[in-house]
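Residue numbers (full-length UniProt numbering), protein chains in the order written: chain Z, 1 to 221; chain L, 1 to 221.
No wet-lab data here; the hints were simulated from the structure. Treat the hints with caution; some may be incorrect.
It does not matter which identical chain is used: a pair holds within one copy or between any two.
Stated by the list, open to error - Computed cross-link-like contacts, SDA-like style, restricted to lysine to any residue with a CA-CA straight-line distance of at most 20 Å:
| # | residue 1 | residue 2 |
| --- | --- | --- |
| 1 | Lys65 | Gly38 |
| 2 | Lys146 | Asn179 |
| 3 | Lys65 | Ala40 |
| 4 | Lys146 | Gly111 |
| 5 | Lys146 | Ala85 |
| 6 | Lys65 | Ala154 |
| 7 | Lys146 | Gln24 |
| 8 | Lys65 | Pro123 |
Protein chains: 2
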Amino acid sequence: MGKGAGVGRPRASGAAANRPDARQAVLDAAGELFTGAGYAATTTRAIAERAGLRQASLYYHFPAKEDILAALLAETVRPSLALAARLVAGSAPVEVRLWALAYADIGLLGGARHNLGALYLLPEVGSPNLARFRAERADLKAAYGKLVAAAGIAPEAVATRTDLVFGLVESIAVTRRDNPSLDVEAHIREGADGVVRLVGLAEPTEELRAAAHTLLATLPD
Amino acid sequence: MGKGAGVGRPRASGAAANRPDARQAVLDAAGELFTGAGYAATTTRAIAERAGLRQASLYYHFPAKEDILAALLAETVRPSLALAARLVAGSAPVEVRLWALAYADIGLLGGARHNLGALYLLPEVGSPNLARFRAERADLKAAYGKLVAAAGIAPEAVATRTDLVFGLVESIAVTRRDNPSLDVEAHIREGADGVVRLVGLAEPTEELRAAAHTLLATLPD
Numbered sequence: 001m002g003k004g005a006g007v008g009r010p011r012a013s014g015a016a017a018n019r020p021d022a023r024q025a026v027l028d029a030a031g032e033l034f035t036g037a038g039y040a041a042t043t044t045r046a047i048a049e050r051a052g053l054r055q056a057s058l059y060y061h062f063p064a065k066e067d068i069l070a071a072l073l074a075e076t077v078r079p080s081l082a083l084a085a086r087l088v089a090g091s092a093p094v095e096v097r098l099w100a101l102a103y104a105d106i107g108l109l110g111g112a113r114h115n116l117g118a119l120y121l122l123p124e125v126g127s128p129n130l131a132r133f134r135a136e137r138a139d140l141k142a143a144y145g146k147l148v149a150a151a152g153i154a155p156e157a158v159a160t161r162t163d164l165v166f167g168l169v170e171s172i173a174v175t176r177r178d179n180p181s182l183d184v185e186a187h188i189r190e191g192a193d194g195v196v197r198l199v200g201l202a203e204p205t206e207e208l209r210a211a212a213h214t215l216l217a218t219l220p221d
Numbered sequence: 001m002g003k004g005a006g007v008g009r010p011r012a013s014g015a016a017a018n019r020p021d022a023r024q025a026v027l028d029a030a031g032e033l034f035t036g037a038g039y040a041a042t043t044t045r046a047i048a049e050r051a052g053l054r055q056a057s058l059y060y061h062f063p064a065k066e067d068i069l070a071a072l073l074a075e076t077v078r079p080s081l082a083l084a085a086r087l088v089a090g091s092a093p094v095e096v097r098l099w100a101l102a103y104a105d106i107g108l109l110g111g112a113r114h115n116l117g118a119l120y121l122l123p124e125v126g127s128p129n130l131a132r133f134r135a136e137r138a139d140l141k142a143a144y145g146k147l148v149a150a151a152g153i154a155p156e157a158v159a160t161r162t163d164l165v166f167g168l169v170e171s172i173a174v175t176r177r178d179n180p181s182l183d184v185e186a187h188i189r190e191g192a193d194g195v196v197r198l199v200g201l202a203e204p205t206e207e208l209r210a211a212a213h214t215l216l217a218t219l220p221d
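Given the sequences, and given the hints that come with them, work out the whole structure.
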């Protein structure tokens with residue numbers, strides 16, 4: 001790849017590590033390469049070249065390749081986790097809160113430029129550098145569990161039902177991989193409907209969806 | 001790993017490639033290593049050592065590492081595909097056939113010794129060597145689609161609903177990875193219930209589950 005480094009992308013200057021967008025350029029390049037060629041097959045050198053940076057500049061932001069993976073995966077859960085905390089504490093009907101969380105969360109995974117959810121099954125996700133991602137993802141799942149419990153599922157059935165709900169939400173990654181021309185917006189809406197059905201709540205209606213959209217638009221920060 | 005090759009496992013003799021169980025020994029070893037250390041990090045040498053075979057004997061059965069992956073992944077869809085064909089052609093109520101297929105399919109993925117469904121998102125699944133696996137998995141999904149359509153889902157909604165059903169079924173791989181001490185049997189039963197709920201059929205009952213078990217036990221070959 002070295003010979004192609006100067007083609008198509010600006011070559012980094014010595015000060016490139018301080019470019020305001022350098023960190024984001026690394027994440028964009030890594031997201032593309034990790035989901036395309038694969039995590040193991042992607043070197044930090046290839047990421048730096050794709051980002052238009054020197055490898056030393058990349059290391060300034062990310063000391064190890066796993067740190068880049070951790071930063072990418074954090075983006076796939078952190079916004080949903082913040083939303084989930086507000087929804088769990090909220091007072092709207094539980095089916096509205098559950099639909100809203102699933103809609104936003106599937107939207108985050110399904111609408112991201114790169115299909116980062118496809119990286120969740122990497123063995124590297126078990127490594128110490130990814131501990132924070134694992135904890136945040138577990139917290140997000142626990143928030144779904146609170147809504148599942150609030151929906152009236154028997155206490156002994158909450159854990160398994162939450163596994164299924166969370167599995168359905170995250171399955172957007174496999175669906176995107178299988179069908180790159182997927183109608184993502186339809187899938188997000190149907191996926192949120194599916195979560196409500198899976199929990200055994202009443203069949204989703206246009207009123208439910210409208211209430212959930214209003215809730216998402218008006219939640220206090 | 002070379003130094004440990006003689007420890008704990010019988011070292012292969014020259015005739016090992018012809019051992020009746022050599023092929024299966026390679027698959028067992030590869031299943032363990034691919035789902036543990038990861039596909040990219042596992043060499044055919046390490047697989048041969050774990051299987052108690054010479055590397056040449058491994059190549060006799062599998063010319064390339066991707067051929068081992070293809071054989072492993074075939075095991076995760078082929079039995080379900082054969083069952084699905086019989087269920088699609090059958091005449092039992094659609095909710096019974098759908099519950100039976102989901103139960104058997106989640107059981108195949110969830111009950112296998114190694115969590116092979118965790119390999120579905122590998123970039124190597126897109127390679128030419130895996131074309132047959134991709135085709136068989138697509139055929140299995142299409143069979144779910146026929147049952148979803150038979151359940152009365154509007155024609156324009158069948159594809160998305162089938163994506164969700166298939167995603168829910170395959171999500172057992174992530175759930176197993178997250179929780180190695182999972183109550184797999186409960187998850188399989190609840191997953192099959194979840195598929196029926198997701199399709200919008202009547203809430204699953206003990207009668208439905210019993211009818212599906214009877215159907216699975218009495219299907220002609």
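Checked hints:
| no. | hint | result |
| --- | --- | --- |
| 1 | Lys65 <-> Gly38 | both (13 Å within a copy, 16 Å between copies) |
| 2 | Lys146 <-> Asn179 | between (32 Å within a copy, 19 Å between copies) |
| 3 | Lys65 <-> Ala40 | both (10 Å within a copy, 15 Å between copies) |
| 4 | Lys146 <-> Gly111 | neither (25 Å within a copy, 28 Å between copies) |
| 5 | Lys146 <-> Ala85 | within (10 Å within a copy, 39 Å between copies) |
| 6 | Lys65 <-> Ala154 | neither (43 Å within a copy, 46 Å between copies) |
| 7 | Lys146 <-> Gln24 | neither (34 Å within a copy, 44 Å between copies) |
| 8 | Lys65 <-> Pro123 | both (14 Å within a copy, 18 Å between copies) |
In this structure, the hints that do not hold are numbers 4, 6 and 7, in rising order.
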